[in-house]
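Can you make the complete structure from the sequences, with help from the hints?
The sequence shown runs -17 to -1, 1 to 589 under mature numbering (1 follows the signal peptide of the UniProt record, and there is no 0).
Please keep in mind that the hints were generated in silico from the structure rather than gathered at the bench. This structure is a prediction, so every number in the text was calculated from the model and none was measured. Fair warning: there could be bad hints in the mix.
Here are the simulated lysine to any residue pairs, SDA-like style, with alpha carbons at most 25 Å apart [to be verified]: (1) Lys471 x Trp507; (2) Lys406 x Asp320; (3) Lys294 x His275; (4) Lys48 x Ser87; (5) Lys181 x Gln232.
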Amino acid sequence: MWPVFLVLVLKIGVVYNQIFWYQPEQIHLAYGDTVDEVVVTWSTFNDTTESIVEYGIGGFVLTAKGSSRLFVDGGEAMHSQYIHTVRLGNLTYNSRYVYHCGSSQGWSDAFWFKTPPETNWQPHLVIFGDMGNENAQSLARIQEEAQRGLYDAVLHVGDFAYDMDSENAGVGDAFMRQIQSVAAYLPYMTCPGNHEEKYNFSNYKERFSMPGGTDSPMFSINVGPMHIISISTELYYFLNYGLKQLVFQYEWLEDDLAKANLPENREKQPWIVVMGHRPMYCSNSNADDCTHHETLTRVGLPFLHLFGLEKLLYDYAVDLEIWAHEHSYERLWPIYDYQVYNGSREQPYVNPGAPVHIVTGSAGCKEGREDFNATRPPWSAFISRDYGYTRLKAYNESHLYLEQVSDDKQGAVIDWFWIVKDKHEPYQFSKMDWAKEPRWKRHRGVEQRNTALKWFRDTLIPNKDKGIVYFMDDDNTYNVKVFDEMAKIKKVGVWPVGLVGGLNAESPILDEKTGKVKGYRSGWKPNRPFAIDMAGFAINLELILTKTEAWFSYKMEKGFQESEFLSYFITKDELEPLADNCTKVYVWHTRAENPAVKGTIPGLEV
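Encoded structure:
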């Protein structure tokens, strides 16, 4: 009998077990609605049953729970992850908290953050834009300084990773891991840039948890003495997503600025700081929008000039505007509408007459550096192509300090300046205290004239700068001959002023023998020391610069502004009659009202 061999044939199956990614990663912090509230955000690649942060002062003694949401990238692979957010509220001021985040399925490493003091906080911020995965030159130094506790928060002014959607959002994941050694310890506050545009900014909106929620590209928050506003400049450039977002942001911004300027709010947060990605001004040698005169962010939409930011920010007395986009650093003189409004020649940032702009987009990315034009415009104060970042410290309500750090020069400070303000109030010639009360209740033009006097005295030099000072009104009409007459003035020149409504004029009366002023022809209190209309005199600049005690005042009796002011400079018989010995009228009041003066003056040529 032949042996029987039994062959057992087994079907070998390969079982591919699904790998579950419950481990938290990409951990970063942000402020909540206030600085005593912190939002912890992280990612997992599979959903977990819970989103938890264990935290406390000295140990994990407290627990906070939050939620997660599924984020699917718009690329071909439809890469997905779960974004977890947990809000930590009622934090104790001036304390160091430790925390970790995750769930029973996996926990992160332990991290820490500091809460600010309740009063007298001097926040220290690190600021930069345009940092990528590749060539992130500034990151190592920022990581080290953050770990040493040098900063209180980060302002990243747009353009992340280059780009977060690249490689099916893999570049975004890598970037968020890369900044974790900073962002897990400091609130990492952001605004979107042009490199976040893909899929309607979805990677930016989903990954960062800013005040206001994921659907809002803007927010504001009070940080010590600063009211910081973050906006999206990209709404001006990507109108394919609709105009509605831009309109909404502009209206929100105006409302936020109006509230920030309420006296009780501006007293607590006197510094208003705005950050957005694309600058209004730059002197780089490229074709970016900021190199053009009518920058969209500055003047608004093409042709229509709607929703422009420059006038809005100027009108509401914004102190500092922070931009990026250009891969370089540039500090501007205080500027509005291409005009420089330095506080003074020696101290341009002491009580400046317009907002201060900086462009800080040199943190490092794969696109490298930006060059500058060979010829610097007059509004550009300092430029650098070095890789680097900006530090800001708000010392108090009057002093703000900024400096630029160069990575090319091993962390050396290559630029620094103070912004100093005695008062935080509307800039000159815009949103001033235009008196709306009747003339008999409150003097008109006091603040405007004093602003001009202050500018002369802060900016011009006695015995060097020459000129004539004349206070014009917008309800007057002028013959150019009056300006020719002003060229003759040695101290104070005077002339008649016509009153169109009554076919009359007010004029100095001259002594026939001496030719000097002996009195005044005026329909109201002709015995005033100087019964002259504001439009009826001009003063040599030298007197304005040397008689620094001379100002206009709300306390003067009605109609005595001119008399009080002129008394600082001259006596009546020193006045210099012009306009052919005060016989010709070159200035007219043309407001549409009937003056009280009646009749005509014989021999007066009008």
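Checked hints:
no.	hint	result
1	Lys471 x Trp507	29 Å, violated
2	Lys406 x Asp320	22 Å, holds
3	Lys294 x His275	17 Å, holds
4	Lys48 x Ser87	12 Å, holds
5	Lys181 x Gln232	20 Å, holds
Taken one by one, the earlier hints fail for this structure only at number 1.
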